[in-house]
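Asks: Using the sequences plus the hints, can you model the full thing?
Going down the list, the sequences are from chains A and B. Quick note on this note's numbering: the first sequence kicks off at 3 and runs consecutively. Quick note on this note's numbering: the second sequence kicks off at -2 and runs consecutively.
The hints are simulated quantities; they were obtained by calculation from the structure and are not laboratory data. Mixed in with the good hints, there may be bad ones.
[What the hints assert, rightly or not] Ranges between beta-carbon positions, derived for each pair:
{"hint": "1", "chain 1": "A", "residue 1": "D213", "chain 2": "B", "residue 2": "S73", "range": "32 to 40 Å"}
{"hint": "2", "chain 1": "A", "residue 1": "Q187", "chain 2": "B", "residue 2": "S73", "range": "22 to 30 Å"}
{"hint": "3", "chain 1": "B", "residue 1": "G95", "chain 2": "A", "residue 2": "P193", "range": "27 to 35 Å"}
{"hint": "4", "chain 1": "A", "residue 1": "E124", "chain 2": "B", "residue 2": "L84", "range": "16 to 24 Å"}
{"hint": "5", "chain 1": "B", "residue 1": "G35", "chain 2": "A", "residue 2": "D231", "range": "49 to 57 Å"}
{"hint": "6", "chain 1": "A", "residue 1": "D128", "chain 2": "B", "residue 2": "G24", "range": "42 to 50 Å"}
{"hint": "7", "chain 1": "A", "residue 1": "E124", "chain 2": "B", "residue 2": "G83", "range": "13 to 21 Å"}
{"hint": "8", "chain 1": "A", "residue 1": "A229", "chain 2": "B", "residue 2": "G35", "range": "51 to 59 Å"}
{"hint": "9", "chain 1": "A", "residue 1": "G273", "chain 2": "B", "residue 2": "G35", "range": "52 to 60 Å"}
{"hint": "10", "chain 1": "A", "residue 1": "D78", "chain 2": "B", "residue 2": "G95", "range": "52 to 60 Å"}
{"hint": "11", "chain 1": "A", "residue 1": "G279", "chain 2": "B", "residue 2": "G35", "range": "42 to 50 Å"}
{"hint": "12", "chain 1": "B", "residue 1": "L84", "chain 2": "A", "residue 2": "K51", "range": "29 to 37 Å"}
{"hint": "13", "chain 1": "A", "residue 1": "K159", "chain 2": "B", "residue 2": "G35", "range": "57 to 65 Å"}
Since the structure is predicted, the reported quantities are computational estimates derived from the model, not experimental observations. Beta carbons are placed, not taken as given, at the ideal position from N, Cα and C, and that holds for glycine.
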Amino acid sequence: MSRSDVLVDADWVEAHIGEPGVVIVEVDEDTSAYDKGHIPTAIKLDWKKDLQDPVRRDFVDKTGFEALLSERGISDDDTVVLYGGNNNWFAAYAYWYFRLYGHDKVLLLDGGRKKWELDSRELSTDVPRRPRTSYAAREQDASLRALRDEVIGAIGKRNLVDVRSPDEFTGRLLAPAHLPQEQAQRAGHIPTARNVPWSKAANEDGTFRSDDELRALYEGEAGLDFAKDTIAYCRIGERSAHTWFVLHELLGLPNVKNYDGSWTEYGSLVGVPIELGEAR
Amino acid sequence: MSEASAAGRDGCGAPAGGVSASAATDGQAVVEGRVSRGGAPVATGYARLLGTGDEFVAEVPLGDDGGFRFFAAPGSWTLRVLAPGGLRAERSVEADYGRVTKVNVAL
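Replies: Right, dumping it as structure tokens:
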């Protein structure tokens, strides 16, 4: 797996708009941006309404994923190009999710919606209608997802990468600074986690830094042992999907999992260890 | 703005313009303002809140009125605005609990 297998730039996407077998998908938590204008021919996925289970805290199961993609007109052999706002957090989450359910031909647009907008590229309000398909997903690939007991067992043994901002890591804030801060759970981080904010992997325009810069960041600056398995987490699992993409897809590390329960789960568990302040 | 973003509890995303003031509670350290160019709102662009040494803290897309809003911790921050055409601007801001710091930026 190399960068060109998983990441495409805006020129590539512009050249492939309308090409049969290529489906462009905007993914976001707040899809009002899509409604105001999106990459021509793109369809939308709503991170919450489409990808999360409406009752349990979990994402939609295999049957739900198959129903969703069939209804949106995506086939098993389509090349799916994902992009979104928030520096591609939710698009990276969707990418991880497509991989979990075994969709091989999936790509992320480097820089996502932000880079597209800052480049003043064309946006459209036309909503395409794609004919229904019969999408068949594979069983969830458990090697990509960490659940809470595995995370607790990984303390002091594997690389734990907390990708939230330093203020969230140390316990100064409970949520990113664009959100109100009155949540009830405990603040802090999982003991032995290194803090490598997701933003350090991205340039100002939302594109990913070069492979050399990324290696220097995680292996050099943060001191991750690339010979060990790694679990990335954040608050709800989308920013850490961005880091999972960097470590697993761009840098090609073999055993990297995203802990999508993340701090909203861990910080509310009874009896688990929590550290405050800087990494020890 | 979506219900999830307005509630600000389940998701992490940054709605255009930032979470509405009605979703905020007293005691927050709010930094907010509007971005304009030639007197008109800049509706396509991004506001970034940066800490010491340009450390990224948060980012929101600008709202239709050019607006943005952050819920910061008390302290000194840098606000950076990016807009198409390579337009950018930077301001120093101070935030404190219970205060709304207003920063209007003309590009």
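Asks: With reference to the structure, classify each hint as holding or not holding.
Replies: Against the structure, the hints come out as follows:
Range check, A:D213 to B:S73: Cβ separation about 34 Å, and the 32 to 40 Å hint holds. Between A:Q187 and B:S73 the Cβ separation comes to about 28 Å, which falls inside the hinted range of 22 to 30 Å. For the pair B:G95 and A:P193, the beta carbons lie near 33 Å from each other, so the given range of 27 to 35 Å is met. As the Cβ distance of A:E124 to B:L84 is approximately 19 Å, the hint placing it in 16 to 24 Å holds.
For the pair B:G35 and A:D231, the beta carbons lie near 54 Å from each other, so the given range of 49 to 57 Å is met. Between A:D128 and B:G24, the C-beta spacing of about 45 Å keeps the proposed range 42 to 50 Å intact. Checked against the hint of 13 to 21 Å, the pair A:E124 and B:G83 passes, with Cβ atoms roughly 18 Å apart. The supplied range of 51 to 59 Å is met by A:A229 and B:G35, whose beta-carbon atoms lie about 56 Å from each other.
Between A:G273 and B:G35 the C-beta distance comes to about 59 Å, which sits within the given range of 52 to 60 Å. Checking the proposed 52 to 60 Å range against A:D78 and B:G95 shows it holds: the Cβ atoms sit about 55 Å from each other. Look at A:G279 against B:G35: about 47 Å separates their beta carbons, and that is inside 42 to 50 Å. In this structure the hint that B:L84 and A:K51 lie 29 to 37 Å apart at CB holds, the actual value being about 34 Å.
The given range of 57 to 65 Å is respected by A:K159 and B:G35, whose C-beta atoms sit roughly 58 Å from each other.
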